[in-house]
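Asks: Spelled out from the first residue to the last, the chains are:
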Amino acid sequence: MAEVTGPEAKTRVLRPLTRPAGWGYTLTVGGLVAIFGWSLYAWSRQIQTGLGVTGLNVPVFWGVYIINFVFFIGISHAGTLISSILRITDTPWRRPFTRLAEAITVFSLPFGALSVIVDLGRPDRLLHVVRYPHFTSAILWDVVCISTYLITSCLYFYLALVPDIALCRDRLPETPAWRKRLYRTLALGWQGTPVQWRTLDRLLTGMSIFLFALVVSVHTNVSFVFGMTLKPGWHTTIISPFFVLGAIYSGVATVIVLAALFRRLYRLEDLMTEAHFRSCAKFLLALCCFWLYAMIVEHLFVFYGKETAELRILEAKFWGPYAPLFWTMVACCFGIPFTVLAVPRWRTIRNLVVIGLVIDVGMWLERYTIIVPSGAYPYLPWGVGTYRPSWVEVSVTAGWLAGFLALILLFARLFPVLTVWEVREELGEARFSLGAPVPAGTVDMAGASPSPWIPPLGGRGSPTGAGQSPSLATDASLQRFRPSFVSKMRQT
Amino acid sequence: MVRWAMAIDLEKCSGCQACVVACAAENNVPLGSPQEATMGRLIRWLQMLPRIEGEYPHVRAEVIPMMCFQCERPPCTYVCPVAATYKNPQGIVAQIYWRCIGCRYCVNACPFTLKWFNWFQPRWPATMAEATNPDVSLRDKGVTEKCTFCHHRLQQAKDRTRAEGRPLRPEDYRPACVEACPQGALVFGDLDDPESPVARLARSPRAFRFLEELGTQPKVYFLAATPEA
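Chains as they are written, first to last, in the working numbering: chain A, 384 to 875; chain B, 496 to 724.
No lab work stands behind these hints, which were simulated from the structure alone.
Do not rely on the hints blindly, as some may be mistaken.
Stated by the list, open to error - Quick list of in silico lysine to aspartate or glutamate cross-link-like pairs, DMTMM-like style, CA-CA up to 20 Å:
1. A/Lys689 <-> B/Glu708
2. A/Lys689 <-> B/Glu707
3. A/Lys563 <-> A/Asp553
4. B/Lys507 <-> B/Glu674
5. B/Lys653 <-> B/Asp667
6. B/Lys636 <-> A/Asp507
Unchecked claim - Per the computed footprint, the stretches of chain B lying under chain A, defined by three or more beta-carbons under 8 Å from a beta-carbon of chain A, are:
7. 535 to 546
8. 606 to 612
Given the structure is predicted, the values throughout are model-derived calculations rather than measurements.
All residues carry an ideal CB built from backbone N, CA and C; glycine is no exception.
My request is simple: use the sequences and hints to build the entire structure.
Replies: Here you go:
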């Protein structure tokens, strides 16, 4: 019998923060940090010896590092999509996922940027990009875009975190002194007054719109690095939208995997419900179909155009040496996810986790089949290049993944993995859509199917109706946790 | 304005590779090891592109000497994030080694695959290391390099003619490969002078340029070999 009330939802989310770290957690984080350390050693070998320690050669000048770059930047777009674009459109099922999505953005972006730095022959000259900028280069604009994106999303992540840090400050009396000090400092004196909520609401909405533009421009720019060259296989018109789409696709898949992980670890079954995941699955299904469309269009143009150099790459991908990778990629990005997601009964959380991982593998392979074959088949017949990642490249890839996961796990020990105030908002919202006289701050979960406090998609109660409810206007505790409600009050 | 250009007569070229050796010696290009060769990592500012036409038994094979084409609109210069590669006032695509960050974007952007990357610190046998050309800077690991039409020779020619108090004539400046060719298959000169040998060859009906359709306007012309009767 699950009875979730607003205050209980809070403690449920905060409970994992008070529990001492188990040996499983310590061992996992330790292992991840060790893998990351090993990757730094591999990198140091590369700095010492030169990029010759990789599998790169003439003409495959770009390999796993650049693939990782596109992959990590792609994953980071999940955060922006779920937390900003879905926040602007006020999509209800996003709420339990926003915090994790933003964390994925903030923690995967540095590894995307690092992937480019690892790829440099002279990482010691990195600052030359600032000292001698050359504005016709897509790489320079990548630097501009990605640093803007990193700063903005860090700020956005932090701002949405402030009310929850304040919650930690107020509700976790038994934490060690250093954590108390950390929460006190980071909470910025947040008291949850209407003025503060209004400011936060405005800031988040404004930044959401800015991030919306950024998410498109960042990955467009990443695609420019390839599309703006004359290289066969890269020089296509659809590459930018395809990149943005692929980024969002892999990002949402990653959010699902990590959300399911924390749902299990932190016992958040009643806050992240099956219904949330099912909505997410439908969204993923739509992305999956779009992905197939873009993939077909891209290759159909090449096939129909019959340009010699382009066709050589297409053949290498379809039935040549890259065929195993290419068709695995198609299976991972479309075949397997579509089959599972298309059947409503198969959209279980366990299946979604598997699908999420499969999509991530598929999207990584997609970048591989974009970047490597184009390198291996240049215009002039210099002889076909082969490329096999070396142990250094494999180590760095593993290290970056481990570092990313370690940061997420460390974060989840210190701060709530759910946006508590947004989840509370959802608890409140649900009552208006149900229109039932439920006591303020309490939501009855009993006997409901699937979950009465999750409004059906597109069937939410209108916000104006919410504002007219007299019992709500007087509910002070609810006002504190409903910023959008406060701003609506201000308008009327 | 002088536009330095080259014409390569494939009719005259015997594929002896004297140009390849001359280039490597002149520009301090490391020999490279067999391992590097297997990995496809040799650096050759000038190298032979093998071309095989037809099917057995009617096969025609040839090798074509290729160096940087010094495009009028070089795709490699647009993409460099630090402007380490650029087209200098003489129309030669230059590379600033100390500025290059080694991102290999220009190497990727070159449609002809004629730019090179230092995968390792370059090494020479001890006797050769003492005999590097002092006029050409040595490159570090992790930077891109390329043919410069022996640009240092242009500097020397300018100094020499200034000392002699006379204007620079096209014959004062010839890259090492041109000088080394025993058949005189490589012709170098000013494309803007309609009477220069290179301009005349460029107008020949046999003349063609590689991947002209991409619009990079290479300044290296090739003269097709007439098929043997």
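Asks: Work down the list of hints and note, for each, if the structure agrees.
Replies: Status of the hints after comparison with the structure:
no. : hint                  : result
1   : A/Lys689 <-> B/Glu708 : holds (15 Å)
2   : A/Lys689 <-> B/Glu707 : holds (18 Å)
3   : A/Lys563 <-> A/Asp553 : holds (9 Å)
4   : B/Lys507 <-> B/Glu674 : holds (15 Å)
5   : B/Lys653 <-> B/Asp667 : holds (8 Å)
6   : B/Lys636 <-> A/Asp507 : holds (12 Å)
7   : 535 to 546            : holds (count 6)
8   : 606 to 612            : holds (count 5)
Of the numbered hints listed earlier, not one is contradicted by the structure.
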